[in-house]
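Visitor: Chains as they are written, first to last, in the working numbering: chain A, 1 to 319; chain B, 320 to 764.
Just so you know, these hints were derived from the structure itself, not from any lab. This list has only true hints and no planted wrong ones.
Quick list of in silico lysine-lysine cross-link-like pairs, DSSO-like style, CA-CA up to 30 Å:
1) K702/B with K627/B
2) K426/B with K454/B
3) K350/B with K381/B
4) K739/B with K254/A
5) K454/B with K74/A
6) K375/B with K655/B
7) K619/B with K520/B
8) K490/B with K580/B
9) K758/B with K279/A
10) K665/B with K426/B
11) K74/A with K555/B
12) K74/A with K754/B
13) K706/B with K619/B
14) K519/B with K509/B
15) K74/A with K763/B
16) K279/A with K763/B
17) K754/B with K279/A
18) K375/B with K432/B
19) K433/B with K381/B
20) K675/B with K600/B
21) K311/A with K254/A
22) K739/B with K279/A
23) K454/B with K665/B
24) K279/A with K762/B
25) K317/A with K225/A
26) K488/B with K509/B
27) K751/B with K279/A
28) K426/B with K655/B
29) K706/B with K570/B
30) K454/B with K433/B
31) K576/B with K279/A
32) K370/B with K665/B
33) K570/B with K490/B
34) K488/B with K570/B
35) K74/A with K426/B
36) K751/B with K74/A
37) K74/A with K758/B
38) K762/B with K74/A
39) K381/B with K426/B
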Amino acid sequence: MNDLSAPSRITYGAVLVRPAVVRRIRGLSDKALAWLFITPTMVLLLAINIFPLIWTIYLSFTNYRANRPNAPVKWLGIDWYQTILTDPDIWAAMQVTAHFVFWTVVIETVLGFGLAFLIDKKFRGHGVWTTIILLPMMLSPAVVGNFWTFLYQPQIGLFNYVVAFLTGHPASSFQMLGDVTLSPWAIVIVDAWMWTPYVMLICLAGLRSIPDYIYEAAEVDRASKWRQFWSITLPMALPFIMLAVLFRGIENFKMFDMVNLLTGGGPGSTTEVASITLKRAAFESWRTGYSSAFAIILFVTVFGLANIYVKALNRVKSR
Amino acid sequence: MNISIKALFAAGGALAVGIGAATTPAHAQGKTITLCWAAWDPANALVELSKDFTAKTGIGMKFEFVPWTNYADRFLNELNSRGSLCDLIIGDSQWIGGAAENGQYVKLNDFFKKEGISMDDYMPATVVGYSQWPKNTPNYWALPAMGDAVGWTYRKDWFARPDAQKDFKAKYDRDLAVPKTLDELRDIAKFFQGREIDGKKVYGASIYTERGSEGITMGVSNYLYDYGFKYQDPNKPYAMDGFVNSPGAVKGLEAYKELYKCCTPPGASNSYMSEGLDAFKSGQVALQMNFFAFFPGLYKDPNVGGDKIGFFSNPAATTQATQLGGQGISVVSYSKNQGEALQYIKWFSGGDVQKKWWALGGYSCAKSVLNDPGFPDSAPFSKEFLKSMGMVVDFWAEPSYAQLLQAEQKRVHDYVVADKGTAQEALDGLVKDWKAIFKEEGKKF
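If we strip away everything but chain B, and leave its shape as in the complex, we get:
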């Protein structure tokens, strides 16, 4: 009995060693670094892409991906507790102020200079949005990694149906086509709301309404910007009266609520990216608001992709703008593998790597990719992506961004979803909240 137990242990040990040897790649001798990001389609593309880095340098890659709804909670906790889980982090654009001021990201200026990495080689909006703090100053804390913005998808096949074309023309006296304005978008959403298509009741649009993290703010901003909302007086920082709560902004907020009330599927009171994808993929909605990052995956979808799907950038109202998404890649200052992490950034900035990144489904921010004459036709959504990246606006990137975001989430959700008060009251309240937050921060305005 004893012998057999010993033999069993020996065999187990040998097996463990054997498995270890069999599964350990050549880079086992070198270091392994951990990259933290959100769990979504582009993250899978990055895993694929990073295999080249490991093959080239012998440095192994580990990935820590967290769903979007917990992404900020999880990684801001990690950074704030000075954790060294992440060597590299693809952090949200709004984190940059806090991460820079609290010493959580490594400043990359010297590294860029040494390695000949120039921010002139990246699209300006992405440099300002993902890399600089303070904004519009040459202080870099990240390499623009994943360009993104909010855009729209629509059911091309539904739009092309003769009965839909005929009914729409009769009702609105124009062709059923990609909307150029937010009013046109509302009309289309209204037209499809409750309509029967192939015996199934469908709805107008899926838009962002999520309360817990950042959803409704990322959605409503596309309307607010289009109607003239500005975060502050361009000539007087932190002066918000008449900009955040301007008559235009009020109109934009009202328009967003109108779209939510008239034209979203039942139960869409807490929807964000994944709920939007579900609604579109299951054939519930004609229009979907979502980040461009998801569009490659949607285009490949066997049920609603290919010829059935079309893409367009956020339509105009009194002006045209869209919410910036996307992130830069930073080295965490608490990392014990900063050298290897910097090596990764250097490798990632390479022209060929950026091209492959786009080809795999990531959105490169490099001009070498985006300014390539073939880029606009390289995917059905690339033209709209380029257009969107030319008109992006981002949320506050102040160190207190989370507090500012929470205030907007509450004010906007209270008005749009919970029917509390008027749009003017919501935005006036938002100005009051934001002023209190900046006052607590010691800002003068």
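So that you can see chain A by itself, here it is in the shape it has in the complex:
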């Protein structure tokens, strides 16, 4: 415990505390002091997290529109929730989101782990390669969205030319962003390109955390590399892989910026993920009550799924 009764001035780290302050603090208990220190954080959290959440829940039961602040607000009960959950367009958007989340997570996990496995073998120049691989992750989604729009351009886009070179189909014979079948895959490809390095980093941390002596013991027991991978590497890196899946799953469930830039949800509604539907309802149609209800439904979905997943993750970690 610090001596607060020192005669003149006391220095805590870089902060100089004057005697009057010291006298005031001296009268406080440890608990009161703890409260004093955490109160600003609590207030901030309440103001920017909890209050908006409660307010959104309230609005979701009303017909409030942010663009008509003077209009009377009517209590609608669970009307919006019923409307949303029975709306085929909403279910279509949820299906698009599920497709996007599933495939991006699968591809990013497989590729990310594969890259991490390679990078973990400290070959010559692996530092440079790591930096190069990490580059896409460092770019802004706005930049990525824009330049992939150019890459996918059927007449001048590099992507189409590469595909044309490999398959023999003319470059302008297909359009990644304008085709109903290809566009859901176009956004998956871009997300995988951008975020696989992130999964790789987490997996790399997992691989580097495996002690060498375990492999040495396995070598002594004449375990093959294949056996070592399945019995040591994968099980010990699994909690990290699962963590990466969790992060990417949550992030991609909320995906907006990149898809908005690449396709705007089109063609038609083929790539309209849930967050684009939500944005349109909230800030284009100004159906604030409706969009609040939709936001709550999305929140509960992500929160529920993430909780189930975290329990599974904890079970894996405790094995």
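Chain A is already provided as a structure; the job is to place chain B on it using the hints.
Guide: Just chain B now, with coordinates in the frame of chain A:
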């Protein structure tokens, strides 16, 4: 060291003051007002024009221009959050209902009366489209500022090529000329699609297909109107069955899809104004659908302008109409500089200012400019502009316009670009969506 730092600060301060003094014009003593609009060619003309206002009144002008794709998002957010960024706003025609009913624009009736500004001095379509709410009533919320409509440009030099003339005649048994009907337009677009011109593969037409904001609606409307689509029963407001989804409207939607499928460049599934300009300027397409506002700039283009470009208004089908563009200028009710903003509107309504506005590349809505005997020949596109302004139709301008627009964007894009369902199903679905929106608004029909 200390001295040198002090000296540095002093010099910096003096420099800052000096720069400030050097760059601050005489109007620094007066107020500065901010005008919000879209970032496009006419906005540059307005910056030029507004210099006269500053010179005359001493009121400085600041401009907030936002690209079209974010224009509605940005400024409707600003208005809805009661922001005072904009003192004056050149808001889209469809905003007028919401802005008037939500108290975002200042009503201008008393001001017009006081200043002797008469709406009879402006082209009727622009008064109804840009200024009145409710429509066709003498309640004014804006001064018609920028007349606009959808029109077409074509490659005059390609049309004039003897080989093209000969091939077209052989195929369609008529001369390759400016299309008078939408069927003729489709034939021309088909004719050019994939054709080699000077060793380069070219395409038929660039049309609006954009999904995110208003693009495909602004494009398809030109076809729907021409085939008899109406927003509602003229005798029974909000009654849409048989008008929005009439057999004619279905045909119009099918025709638009046919044009998109047969005759647009690859990758044109999300095109709007700027993509159309790019396609035309880069010599990719023979025909381009776009707003007249861009035509002065296109005419001046060194590669495709001058003798190489021609202009025509939207061709006919069973009838002839075109989509209204353009905007009125309004005073934002949250502005702290309403007096100065009104001064600007008064100045802008002046006859000489309107003439200069047209000369600089803006489209005046004043009769004094448009009815001038010399107007039709004042630019290669002015005759077609006049013709178009005489047959314009606008989208809903209801307070719920954004929701109505989104519904059409989705239904039409799903059918035209994503090949979902039939035209009849798309328009029936649109009626269903619009009815639900109006019902939520408490409208009776």
